[in-house]
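**Q** Residue numbers (this note's numbering), protein chains in the order written: chain A, 878 to 1270; chain B, 420 to 726.
Just so you know, these hints were derived from the structure itself, not from any lab. Among the hints, a few may not be true.
[Stated by the list, open to error] Below, computed lysine to aspartate or glutamate pairings styled on EDC-like, alpha-carbon distance capped at 20 Å:
| # | chain 1 | residue 1 | chain 2 | residue 2 |
| --- | --- | --- | --- | --- |
| 1 | A | 1062 | B | 694 |
| 2 | A | 1173 | A | 935 |
| 3 | A | 1197 | A | 1043 |
| 4 | A | 1076 | B | 694 |
| 5 | A | 1092 | B | 694 |
| 6 | A | 1076 | B | 511 |
[Said to hold, decoys possible] Non-contacting residues of chain A with respect to chain B, defined by C-beta distances greater than 12 Å in every case (computed):
| # | residue |
| --- | --- |
| 7 | 934 |
| 8 | 950 |
| 9 | 962 |
| 10 | 986 |
| 11 | 1055 |
| 12 | 1075 |
| 13 | 1088 |
| 14 | 1103 |
| 15 | 1108 |
| 16 | 1121 |
| 17 | 1191 |
| 18 | 1201 |
| 19 | 1205 |
| 20 | 1253 |
| 21 | 1265 |
Every residue gets a Cβ at the ideal spot worked out from N, C-alpha and C, and that includes glycine.
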Amino acid sequence: MIKPNRALVAGAIAAALSFAAPAQAQQQKLKIGFISTFSGPQGVMGQFMKESVEIALDQLGGKVGGLETEMFYGDDQVKPDVGVQVAEEMLKKHQVDFVSGIIWSNVMLAVVPVVTGAGKIMVGSNAGASPLAGAQCNELYFTTSWNNDQTPEAMGKYLQDNGVNDIYVMAPNYQAGKDMVAGLKRYYKGRIVEETYTKLGQQDYQAEISQLRSKNPKAVFAFFPGGMGIQFLKQYDQAGLRGQIPLYTVYTVDEISIPAVRDAALGVWETRFWSPDIKVPASQKFVADYKKKFGKLPVFYGAQSYDSIMLIDSAVRATKGNLKDTKALVQEMRKANFNSVRGKFQYNVNHHPIQNFYLLKAVKTGNDIEMHIEKTIFTNHKDSYFQDCKMKW
Amino acid sequence: MTFSLVFEQLLNGLQYGVMLFLMAAGLTLVLGIMNMVNLAHGSLYMVGAYLAVAATQWTGSYVLGLVLGLAGTLVVGMLVEVIALRALYQRDHLDQVLATFGLILFFNELIAIVWGRAALFASPPDFLKGHIELFTGSRYPIYRVAIILVGFLIAVLLWYVVTQTRLGMLIRAGASNRAMVGALGINIRLLYTVVFGFGAALAGLAGILAGPIYNVQPGMGELILIQVFVVIVIGGIGSIRGAMVGALIVGIVDTLGRAFLKPLLGHVISPPAAESAGPALASMLIYLIMAVVLAIRPAGLFPARGG
């Protein structure tokens, strides 16, 4: 039996390591952690987000801010505790410089203190929890999306301005559902026939649709995100109500749900800060590249995620890749000096975009059904919580 | 609250109950006869929906898609029984729960790999689109009427097979004394495989019917599975009759609760309180009923004899 000479092996390893170490130090790397939901029924949203991040990386040649970039993707499984666990692993084990992503407000509220507590910058790319826009705003927390209330506020404004009255309101029975209705009512002052709150994750809405019809409303406002929306749209259509009672929704009809419901989405209204057809060069390039690579239209979750990478890119570039200087990075990020898919925008004092909101409608173009921007409802709209944010800059 | 609205809601409840019954029938047979806790029943529901959507796209015919989807789920069910579950009959329920939970994860990922995570498009066939005018002056989707009819047809068929045929006799005998049936020269293994396959096909049928109104998506089965367990606990494990009654109770109570609890509560307590208590109470109504049934009749409303 030949025993390997331990000393020799150890020496060889030590030699290899001593050569490797300086090589690593020379090449500074940017590490970004991206947390989203990649498993379960909601995993499709995470998939669209990740794909959009890949488009951003492709456009930057794999170098965010001019630095070799390594991405770490983490699955939060829609659970705040899992989100925290994933974030901690990214921060401690992988030593990431930024954390981005996160779909759900409850996950965001749990993860933000972990990331900012470690002195790293969090760039939220979907969840718009109101506390983070107000009293709990943070130097190290930015978002490339919106505050939850803004989208239904836009719908409320549109309905109010157009004198739509007697609306029937439907939303799942949880915090975001109530927030959406509160946002609507901030601008809509007309009559509300009834507010119906359904079980979170409910599949069958036929009972609620029967109730709705019996009240004979002039219009319906609904918030059913994800799979709930697909089911609601199908059943609203099958009950013969589409085309009979106009349906105004938020976060319900998008590029994820349209392929699953097709004609059942036609004529449904949405409000949003962005749509694939927006006439902004950065967005048009993003949409074209996305379509080319994945053969489908991107969704707003993805557009926001694309923006989060571009925002990080602008700040790292401006600070010449000095990742240690967090203060300087924050200063640069506040300028929002990048080509956003929503066009040029400014950050409010709470690090939330001041941005436009549009009225969208699902229309048929050829064989496809797409969301089209019909009109601008808000220009440079600020959220309703920034006054509670004590940050000064 | 008018008569016509109550009638329409009863119809809605009936339709939901029928859907639950199709799921519960297979599950209760497997649980009652094989003494096997099969959490992966929801996965077979999902497999049925996906196979039917794929087959419909492939053949261009809804009916062919339905038939192929059913046959496919039957085969998948039998394969699952032979490959995975057969080894678990002698183990305790916890092992079965663990193993079948593993199957759920396996099937969800498999479907996601093959068809992707995004929901697939599924719509009723053209001959079942549109609505009928109810005598109350309201409209009702034809597709949901069709679901009710199919559900009752299956119920009658099942009743016939279980009580009037030789296969049904063997199934009942196998449930009360497995060893004796085996000793009499019946291939009990094959019998179990067949029963499991048909249970799977029933779940597949529920999935196929659910496709056009719900979501054809990985994990779709788990959303309905909990209600189905409530159904078989209320109805009595192993009893087809119990599954039918339990499903109709759950379907109707859940629907009426969602529709009328809030306005009714509004008469008793203040409207704002009813506004928040109504939906909360409505979503736990079926569990309350289950608790009451368990307290009064721990074996369910129609406990299967023997076993």
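**Q** Could you tell me which of the hints above the structure violates, numbers in ascending order?
**A** Violated: hints 3, 6, 11, 12, 13, 14, 15, 16.
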